[in-house]
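Engineer: Going down the list, the sequences are from chains A and B.
Take 52 as the starting number for the first sequence in this note's numbering and just add one per residue.
Take 8 as the starting number for the second sequence in this note's numbering and just add one per residue.
Think of the hints as simulated: they come from the structure by calculation, not from any bench.
Possibly wrong hints are sitting among the right ones.
[As the list claims (entries may be wrong)] Some chain B residues judged to face chain A by a derived CB distance under 8 Å, without partners named:
(1) ILE56
(2) SER106
(3) LEU108
(4) PHE157
(5) HIS160
Glycine is no exception: its CB is placed at the ideal position from the N, C-alpha and C atoms.
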Amino acid sequence: MNEQKPNMFIPALIGGGIAGFLSGVPLVNCLCCLWIIGGAILAAYLLQRDSKTPLTSGDGAIVGALSGIIAAVVDAIVSIPFQALSNDIFRKMMDWAAEYADDIPEGWEKWLEQGNMDMTLPWIFLGFLITAVIFASLGALGGIIGVSVIKKPAKPGQEVIDVSEKDSGDRKS
Amino acid sequence: MTEKKTIIVIYIFSLLGILAWLGAILLAPYFKSQSIPESRLLYGVFSRICHQAPSRCFYLFGFPLAVCTRCLGIYLGFLSGIVFFPFIKGFKMAAVPPSWLFIFLTFPIAVDTGGNFLSLWSSPDWLRFVFGLIWGSILPFYFVVGLSDFFTHLQKKKKRV
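Bound conformation, chain A alone (with noise of 0.2 Å):
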């Protein structure tokens, strides 16, 4: 008997908001990646505990991707307020770097007025594309940890539609 797979949108939307403020924010940012990764555990283990039966890589990679895009776009707003901070930052970083630069490239200085990335409409909108595709690429990958780490065992009698079993290769492909 196949049984309802519960909603995945509730547990994405958990931990891709987690982690997508946590990314937004400076200074907390610094865990890099890992923050998204660790959304999308978060979100398949929330979908592990709602579920009557065991869920599949699959299931992991799927409410991880959805965690990553929730993430993008909660990243997207909470940043907002932050940009002004942020570039102070970035210029503080460059101007560190510069120091260590044998030769300065032309134009540096009139790179750094300038901000670390236009801030034009068509830059954002590419900026949150390419995000969005890389948080649901490593929210794809942390969902997949989270569901095989946090394994919930099957109940007996009950039906596990599961591919990624060692002796699979004696099925009909």
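Knowing the structure of chain A, use the given hints to seat chain B on it.
Structural biologist: Relative to chain A, chain B alone:
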């Protein structure tokens, strides 16, 4: 598409993806050294997932790489895991690594990251790189297997319909 073909396709895309990813990381300082404006785009892309602190980056052509040493270690570890994947798993659908192995390989980077984040200590760059390399090496065995599992299920659902 057979399961084997699915996993081969996922594997190839993953391999090409990580090569392109690492290529972009290395291209950023080169572009910057040549005053090519696209370097800003490259640094900007990676700024979403890495703090890019110059003091925590390796340098190339006189400029910091697009990611820090820890992130670089993770991505190079991912590449090494992808390269060894066919020799360890082959191209048949197999189980993901056991949980204890994941926890064992995650422990060093987790402790190191936590300690640095809480300012308990400050690890040297080479150590961050090594811990990243160790953790990154196991990730392909989840990524490739998990995505192959997803697409295999998708194909089976379509066949039933």
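Engineer: For every hint, state whether the structure bears it out.
Structural biologist: Verification of the supplied hints:
Checking ILE56 of chain B against chain A: minimum C-beta separation of about 4 Å stays under 8 Å; hint holds. Look at SER106 of chain B: its Cβ gets to within about 5 Å of chain A, closer than 8 Å, so that hint holds up. Given hint, LEU108 of chain B at the interface with chain A, is violated; its Cβ is 10 Å from that chain's nearest Cβ, farther than 8 Å. A distance limit of 8 Å between C-beta atoms decides the matter here; for PHE157 of chain B the minimum to chain A is near 3 Å, and the interface restraint holds.
Interface restraint check for HIS160 of chain B: the shortest CB-CB distance to chain A comes to about 5 Å, inside 8 Å, so the restraint holds.
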